[in-house]
Amino acid sequence: MTREEVRKITNEFLVDEIEIDAEKINDNARLREDLGIDSLDFVDIVVIVESHFGFKIKPEDMKDVHTLSQFYDFIANKIQ
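Under our numbering, the residue at position 21 of the sequence shown is numbered 2, and the numbers go up by one with no gaps.
Just so you know, the hints here were simulated from the structure itself, not pulled from any lab data.
Please note: incorrect hints may appear among the correct ones.
Straight-line Cα separation of at most 25 Å, BS3-like style, residue types lysine-lysine; simulated pairs [unchecked claim]:
1. Lys(-11) <-> Lys59
2. Lys44 <-> Lys(-11)
3. Lys44 <-> Lys5
All chains, full assembly: derive it from the sequences and hints.
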C-alpha cells in the first residue's frame, strides 16, 4: 500500500467516523490543535487504524506524531 493510499483511507475515516471537517484536513494540520482530536477520539482512531491496516498502536509509538503528515508516515512505515 502506498503512502497516498494510506492518506486517502485515513482522511476518509477522519471525516466519516471522527467527524472532522474535510476542509481542515491537510498534511500540516496538527492533530490536537487544528483538528481537535482529543484522547477519546484517539482511542477511536487507534481501533479504526488497527482494523483498517492490521497493526497495533502503542501510546509511546505516537509520542512524536503531531501532524497528519507524520501520522500518514507512521502508518505507511508500520505496514511496509
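Hint by hint, work out which the structure violates, then give me just those numbers in ascending order. Hint check: nothing fails, all pass.
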